[in-house]
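Student: These are the residues of each chain, in order.
Protein chains: 6
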Amino acid sequence: MSHAFDIDPTLRDLLMRVGTATLSSQLIKRGLRNTFIPRVTPVDSKHARMVGPAYTLSFIPSREDIAIAANMAKPTNPQRAAIEAVPPGHVLIMDARGDLGGGNLGDILIARLRYRGVAGVVTDGALRDAEELRNLGFPVFCRGFAAPPSYCRIMASDANRPIGCGGVAVFPGDIIAGDSDGVVVIPPHLAAEVARDAAEQERVDRFVRRRVDRGASTAGLYPPNEGNKAAYQRWVAAGEADSAL
Amino acid sequence: MSHAFDIDPTLRDLLMRVGTATLSSQLIKRGLRNTFIPRVTPVDSKHARMVGPAYTLSFIPSREDIAIAANMAKPTNPQRAAIEAVPPGHVLIMDARGDLGGGNLGDILIARLRYRGVAGVVTDGALRDAEELRNLGFPVFCRGFAAPPSYCRIMASDANRPIGCGGVAVFPGDIIAGDSDGVVVIPPHLAAEVARDAAEQERVDRFVRRRVDRGASTAGLYPPNEGNKAAYQRWVAAGEADSAL
Amino acid sequence: MSHAFDIDPTLRDLLMRVGTATLSSQLIKRGLRNTFIPRVTPVDSKHARMVGPAYTLSFIPSREDIAIAANMAKPTNPQRAAIEAVPPGHVLIMDARGDLGGGNLGDILIARLRYRGVAGVVTDGALRDAEELRNLGFPVFCRGFAAPPSYCRIMASDANRPIGCGGVAVFPGDIIAGDSDGVVVIPPHLAAEVARDAAEQERVDRFVRRRVDRGASTAGLYPPNEGNKAAYQRWVAAGEADSAL
Amino acid sequence: MSHAFDIDPTLRDLLMRVGTATLSSQLIKRGLRNTFIPRVTPVDSKHARMVGPAYTLSFIPSREDIAIAANMAKPTNPQRAAIEAVPPGHVLIMDARGDLGGGNLGDILIARLRYRGVAGVVTDGALRDAEELRNLGFPVFCRGFAAPPSYCRIMASDANRPIGCGGVAVFPGDIIAGDSDGVVVIPPHLAAEVARDAAEQERVDRFVRRRVDRGASTAGLYPPNEGNKAAYQRWVAAGEADSAL
Amino acid sequence: MSHAFDIDPTLRDLLMRVGTATLSSQLIKRGLRNTFIPRVTPVDSKHARMVGPAYTLSFIPSREDIAIAANMAKPTNPQRAAIEAVPPGHVLIMDARGDLGGGNLGDILIARLRYRGVAGVVTDGALRDAEELRNLGFPVFCRGFAAPPSYCRIMASDANRPIGCGGVAVFPGDIIAGDSDGVVVIPPHLAAEVARDAAEQERVDRFVRRRVDRGASTAGLYPPNEGNKAAYQRWVAAGEADSAL
Amino acid sequence: MSHAFDIDPTLRDLLMRVGTATLSSQLIKRGLRNTFIPRVTPVDSKHARMVGPAYTLSFIPSREDIAIAANMAKPTNPQRAAIEAVPPGHVLIMDARGDLGGGNLGDILIARLRYRGVAGVVTDGALRDAEELRNLGFPVFCRGFAAPPSYCRIMASDANRPIGCGGVAVFPGDIIAGDSDGVVVIPPHLAAEVARDAAEQERVDRFVRRRVDRGASTAGLYPPNEGNKAAYQRWVAAGEADSAL
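Protein chains in written order, with my numbering: chain H, 1 to 245; chain E, 1 to 245; chain G, 1 to 245; chain L, 1 to 245; chain W, 1 to 245; chain S, 1 to 245.
Some clues are possibly wrong.
Any copy will do: because identical chains look the same in the list, a pair fits if it lies in one copy or spans two.
As the list claims (entries may be wrong) - 16 Å max Cα-Cα, derived EDC-like pairs, lysine to aspartate or glutamate: (1) Lys74 with Glu226; (2) Lys29 with Asp65; (3) Lys229 with Glu200; (4) Lys29 with Asp197; (5) Lys46 with Glu132; (6) Lys46 with Asp205; (7) Lys74 with Glu200; (8) Lys74 with Asp6; (9) Lys46 with Asp65; (10) Lys29 with Glu131; (11) Lys229 with Glu193; (12) Lys229 with Glu131; (13) Lys46 with Glu131; (14) Lys46 with Glu226; (15) Lys29 with Asp6; (16) Lys29 with Glu64; (17) Lys29 with Glu132; (18) Lys229 with Asp13; (19) Lys29 with Asp13; (20) Lys74 with Glu240; (21) Lys229 with Glu202; (22) Lys46 with Glu240.
Don't read these hints as lab results, they were simulated from the structure.
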């Protein structure tokens with residue numbers, strides 16, 4: 001029932017060290033232009049780095065006779081069931097239809113996810129209990145905060161089916177990565193090469209930024225021409241790339 | 001696989017004779033305020049009356065490596081499979097995420113649905129082939145027209161799961177009714193009583209409208225007070241209600 | 001209680017003969033750039049010409065314990081009261097907050113307004129009973145149609161207070177003019193001069209259009225330079241302006 | 001003229017200690033699903049707790065000949081009059097039509113409200129003077145900041161009439177409560193029971209959160225089954241609920 | 001100054017016989033997913049077929065001291081200059097920033113364009129003089145109608161520079177094709193092959209539709225498998241494809 | 001090629017000391033109601049003060065065959081060219097069509113602009129590399145953050161042509177001023193008088209705020225009547241205005 005997806009620990013560690021700006025650039029180079037979830041930001045930008053396979057949850061508009069408190073709290077409710085079913089290391093990612101009128105989750109259920117070892121939480125809707133969430137030290141991403149429980153507007157329907165989150169396709173098992181810029185969705189068959197090339201791109205970017213800060217023009221440097229590629233290789237060989245970390 | 005839902009032919013006939021304005025009023029009286037799909041209109045207002053159980057289809061945002069013409073035309077594609085799977089007498093209703101950048105269906109697939117005896121088609125997105133659809137003589141409802149196939153924006157994911165269509169919850173088997181005002185979603189357990197009370201309400205409304213056209217004030221008439229209720233009963237007894245049809 | 005505003009019959013007749021395109025141009029020349037209500041269109045473009053002083057009605061979001069059918073139908077409900085209070089010759093214009101989820105009025109109440117001699121109806125929301133309204137032969141303007149009564153979303157609050165309709169300020173007694181392009185709001189102290197100058201502008205426009213249809217460039221003609229002004233005066237003097245009507 | 005509404009000081013104190021998340025949950029249980037104002041956030045989340053009866057102010061779109069600086073600054077202007085008329089302890093809540101093109105109020109007028117003992121300020125539009133407002137130590141809620149005075153877009157029309165704020169009905173005298181999640185509107189006849197039940201709900205929530213942080217599953221705990229209810233009662237009896245405050 | 005782009009008359013004729021639904025499908029197959037302008041519809045669906053190279057015009061928001069009637073009517077105003085500069089056979093296509101508060105053009109200037117032999121007009125904003133435009137018998141596409149001249153909201157800036165129209169890139173000289181579904185933008189280097197393949201696709205579609213209307217399933221037919229391809233070839237060879245035109 | 005516009009250093013210094021709230025008020029008094037860019041906020045409100053002539057850059061929607069990484073990085077790409085062409089002391093202001101799906105610029109290119117002595121950066125779209133931008137100590141304004149490069153959605157088209165930024169007209173050389181409230185656009189021929197009157201208005205505002213904080217009513221004070229004008233003059237004469245700075 002728990003549909004756990006594996007992610008190689010080395011891959012996970014590599015992805016934790018590269019940013020979503022670089023990851024989405026690498027995906028665009030491979031023809032995937034729509035992998036970043038717009039307007040979803042971290043609750044706490046100091047605890048925004050997050051990587052894990054997607055565990056998805058979809059919502060539909062509420063109907064008043066179904067979406068009542070008694071039903072919503074039943075363990076069989078798809079949302080409640082998901083809280084206990086997301087495998088450790090996975091990211092719970094929700095298709096809340098962009099609704100900002102209610103909060104999909106509050107501090108109690110998110111504290112439970114944190115305790116269970118879940119890697120993070122993403123919604124294209126809102127969350128509740130803003131202050132408490134800011135103090136959890138846990139990667140949580142949303143489009144805003146709303147005090148009411150979201151069942152006044154939407155109710156969970158299916159778990160671990162393909163969803164759209166903020167206009168981006170998410171399949172169960174897709175690799176979800178988050179940082180202070182937001183959240184990107186990586187098809188698992190591309191994750192290893194994207195991670196590898198992103199790490200190299202970030203090393204080049206650090207070299208470029210250092211040159212720029214010292215007055216170099218971006219022409220011929222960003223991206224580097226042959227001369228600057230050679231300079232970059234010398235910089236890497238001299239161990240400066242690592243000391244710049 | 002085809003998940004056919006029964007609808008009593010007498011109930012169906014009764015629902016075909018009442019409008020969505022009356023049906024949604026009856027649902028509001030029962031606490032269901034969100035059953036009408038806003039901004040979805042009939043392609044041909046002369047062929048808009050439609051009643052049938054819902055066969056649902058959901059969509060997610062497209063990913064460029066999956067949503068290609070070759071994949072979209074496979075019989076196993078959820079959209080293509082749905083065209084052949086909707087049971088006769090049912091309404092195909094789609095959660096197109098409100099996207100107007102592409103057409104969910106065009107004249108060929110809708111002609112096939114018509115041939116198969118499907119009761120009608122509803123999307124909260126767009127359709128293709130506007131001119132041909134206007135000439136089909138078949139109940140089709142959408143938010144607009146767009147020339148490209150919708151897979152450039154969204155792709156079908158699941159059939160016969162709960163969906164949201166234009167912000168309204170739709171469960172497979174819900175009774176979908178359409179007319180020139182638009183489309184309303186009726187939970188099946190309420191359909192019989194809603195149909196009965198709607199038919200009576202429309203009879204009263206015809207009585208009221210007749211009085212209004214002759215100069216009566218709406219106070220005490222709409223809804224009728226005791227005196228006007230008695231006048232209505234005499235009007236019904238005299239057989240005028242039926243001749244007004 | 002009925003707050004009737006006078007409009008000079010000659011002024012009214014003059015305004016009935018000029019279009020909203022010309023009227024809004026004249027208002028812009030006087031510094032009023034925001035007098036046309038965008039995206040509000042006539043239900044029946046053959047019965048769209050309408051002129052009369054504004055009788056306003058505002059709405060607020062519904063609260064579930066107040067906005068119930070029993071309360072909405074009371075003669076003291078502000079909407080119901082307005083139906084009987086709009087003075088003949090006036091236009092009922094509603095600030096429906098742009099909500100398209102329900103219909104502010106249906107055929108019965110609008111038939112009553114027509115019977116009472118009201119000049120027309122405008123809402124920046126939706127109306128119910130599309131087919132019946134199209135057959136009333138009465139000037140009615142809206143942003144769309146919706147089957148449910150609007151009290152599932154909004155409820156009337158105040159009559160004859162300043163409102164905003166589709167982003168335009170409307171004061172009780174403002175002159176409301178409608179045609180196939182839509183609805184324009186004219187401050188009463190400007191109505192006479194705007195009507196006079198609009199009538200003259202339309203006469204010039206007919207002259208210009210005639211020349212354009214015969215191949216004239218718009219440079220020097222639209223607006224006319226001295227030579228074309230003289231040609232226009234000869235055209236008027238020859239009585240051709242009237243025969244072009 | 002000042003329309004002061006009483007609020008029992010004990011009730012006010014109780015409401016100051018419960019959050020809007022809990023208050024809106026209690027209102028939903030009573031059938032009121034639309035009492036939270038979405039996307040309105042506190043200017044200073046450390047000074048967001050606020051409770052008081054509503055003093056309302058509505059706006060309409062500006063007309064260029066009326067909305068000029070000289071008129072806007074007159075003491076008879078509805079906005080200026082409201083600044084001096086809001087009774088101490090009340091919340092000034094504005095229906096700014098969601099407009100973000102101008103600021104409804106700036107630091108001088110809000111400093112005046114603070115001096116006068118007003119409980120707080122809410123708008124569904126924008127405010128001016130962001131930096132100064134963040135330093136006032138006063139509960140102020142808005143949807144954003146804009147430098148121009150709002151009269152370039154909207155102008156105040158009526159005070160203390162029913163309004164909609166961010167899609168929520170607000171009647172003068174409704175109890176407005178704010179915290180870091182946002183603002184909720186409580187009908188006064190429900191305020192006492194909602195406050196009482198919310199306080200109890202928050203005590204239960206603290207118990208639940210504590211158990212969750214120590215590893216308990218949410219099934220059977222949130223909401224508590226019989227066993228956990230008994231544990232909760234023992235926890236309360238042992239005085240731990242208060243020490244957890 | 002007139003920047004005329006050639007289009008081969010044979011290509012133009014071929015494009016006039018295929019629809020935008022087919023053209024956009026062919027473009028998607030070539031990796032161009034965003035060539036159809038959403039929500040732009042023909043004023044008169046009976047005069048919607050249109051093909052010609054793009055002559056572009058861009059707009060910026062108005063500034064009150066510049067966008068006055070006297071300036072707007074000068075022959076040097078970019079919009080007025082464009083009316084006389086669009087080469088015959090070209091399509092005037094405007095980036096009106098999606099603004100629906102004013103009409104970019106009215107009947108006089110569009111009558112002038114028609115007289116000059118321009119192929120059609122497209123805007124992602126609104127137009128004025130709805131009734132007159134419906135009677136011109138000329139291909140005109142817009143998102144709605146508005147009575148005021150658009151200079152109350154936006155003013156023309158540059159002609160024949162790259163623009164976005166309704167979210168689609170348009171370069172001067174791109175081939176613009178319109179029909180009852182809307183408007184599609186074709187890069188000129190692809191126009192010949194897209195036209196040829198679209199014509200063939202439409203012939204196949206007519207074959208498919210005919211089979212569907214007689215009861216064939218879409219599986220194996222749409223698109224055709226080997227057996228149906230052979231049947232199609234026999235149908236073409238028998239001359240039925242042409243008689244179906 | 002670099003189109004540098006002069007700004008008098010004294011004027012620049014004066015504008016750096018007044019806020020956008022005051023500047024936009026002064027522009028409204030001169031009939032310019034639409035000079036503030038809504039919903040654009042500083043990345044770092046402590047480094048938001050910025051004044052300089054506008055260097056503009058426009059964008060159009062991307063086409064997949066043009067907007068590829070190789071093309072975007074060419075020195076001839078209009079965006080890349082702009083980075084090196086913005087004259088020192090100028091503000092780079094971009095018409096990103098309000099798109100939030102990608103970041104117009106990231107930390108490397110903005111670091112280059114900072115090094116080159118550019119006064120600041122404004123976009124009505126998003127930027128990349130949120131954390132790095134917050135640490136630059138450089139005035140940067142946007143509507144949000146997005147990880148992907150913006151060429152997946154839009155591509156730069158023209159530099160130093162009139163643009164619209166967030167619905168406001170911007171001509172090359174217009175004076176752009178920013179602070180914690182946002183960004184205002186000042187026509188250069190008005191800049192000197194607007195700056196002078198804004199400085200005086202802010203001095204009056206400080207006087208008013210001081211009186212308000214000590215309990216004065218705003219009536220007769222804001223704006224000051226004759227008595228308060230005299231008191232203000234005494235306050236200025238006593239040197240308190242400067243000590244209040």
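Student: Would you mind marking each hint as holding or not holding in the structure?
Tutor: Cross-check of the supplied hints:
Within a single copy, lysine 74 and glutamate 226 get their C-alpha atoms only as close as 63 Å, which misses the 16 Å cut-off; across copies the closest is 14 Å, which meets it. In this homomeric assembly, lysine 29 and aspartate 65 come within 16 Å of each other (Cα to Cα) only across copies, at 12 Å, whereas the closest approach inside a single copy is 48 Å. When the C-alpha separation of lysine 229 and glutamate 200 is checked against a cutoff of 16 Å, the pair qualifies only within one copy, where the shortest distance is 13 Å, while the shortest distance between copies is 50 Å. Proximity of lysine 29 and aspartate 197 under a CA criterion of 16 Å is satisfied intra-copy only: 11 Å inside one chain copy versus 29 Å between copies.
Taking the closest pair of Cα atoms, lysine 46 and glutamate 132 come within 16 Å of each other both inside a single copy (15 Å) and across two copies (13 Å). Taking the shortest Cα distances, lysine 46 and aspartate 205 never come within 16 Å of each other, neither inside one copy (22 Å) nor across copies (27 Å). In the homo-oligomer, the alpha carbons of lysine 74 and glutamate 200 never lie at most 16 Å apart, since the shortest distance is 48 Å inside one protomer and 21 Å across protomers. In this assembly of identical chains, lysine 74 and aspartate 6 lie within 16 Å of each other by CA distance neither inside one copy nor across copies; the values are 30 Å within and 30 Å between.
For a Cα distance limit of 16 Å, the shortest separation of lysine 46 from aspartate 65 qualifies neither inside one copy, at 41 Å, nor across copies, at 34 Å. In this assembly of identical chains, lysine 29 and glutamate 131 lie within 16 Å of each other by CA distance neither inside one copy nor across copies; the values are 39 Å within and 24 Å between. In the homo-oligomer, the alpha carbons of lysine 229 and glutamate 193 never lie at most 16 Å apart, since the shortest distance is 21 Å inside one protomer and 41 Å across protomers. In this homomeric assembly, lysine 229 and glutamate 131 never come within 16 Å of each other (Cα to Cα): the closest approach is 47 Å inside a single copy and 27 Å across copies.
With identical chains, the CA atoms of lysine 46 and glutamate 131 are at most 16 Å apart both within one copy (15 Å) and between copies (10 Å). Taking the shortest Cα distances, lysine 46 and glutamate 226 never come within 16 Å of each other, neither inside one copy (38 Å) nor across copies (40 Å). For the identical chains of this complex, lysine 29 and aspartate 6 are neighbours neither inside a copy (25 Å) nor across copies (35 Å), given an alpha-carbon limit of 16 Å. In this homomeric assembly, lysine 29 and glutamate 64 come within 16 Å of each other (Cα to Cα) only across copies, at 11 Å, whereas the closest approach inside a single copy is 46 Å.
When the C-alpha separation of lysine 29 and glutamate 132 is checked against a cutoff of 16 Å, the pair qualifies neither within a copy, at 39 Å, nor between copies, at 23 Å. Neither within a single protomer nor between protomers do lysine 229 and aspartate 13 lie at most 16 Å apart by alpha-carbon distance, with minima of 27 Å and 43 Å respectively. For the identical chains of this complex, lysine 29 and aspartate 13 are neighbours neither inside a copy (23 Å) nor across copies (38 Å), given an alpha-carbon limit of 16 Å. With identical chains, the CA atoms of lysine 74 and glutamate 240 are never at most 16 Å apart, being 57 Å at best within one copy and 28 Å at best between copies.
For the identical chains of this complex, lysine 229 and glutamate 202 are intra-copy neighbours only, at 14 Å inside a copy versus 52 Å across copies, given an alpha-carbon limit of 16 Å. For the homomeric pair lysine 46 and glutamate 240, neither the shortest alpha-carbon distance inside one copy (26 Å) nor that between copies (32 Å) is at most 16 Å.
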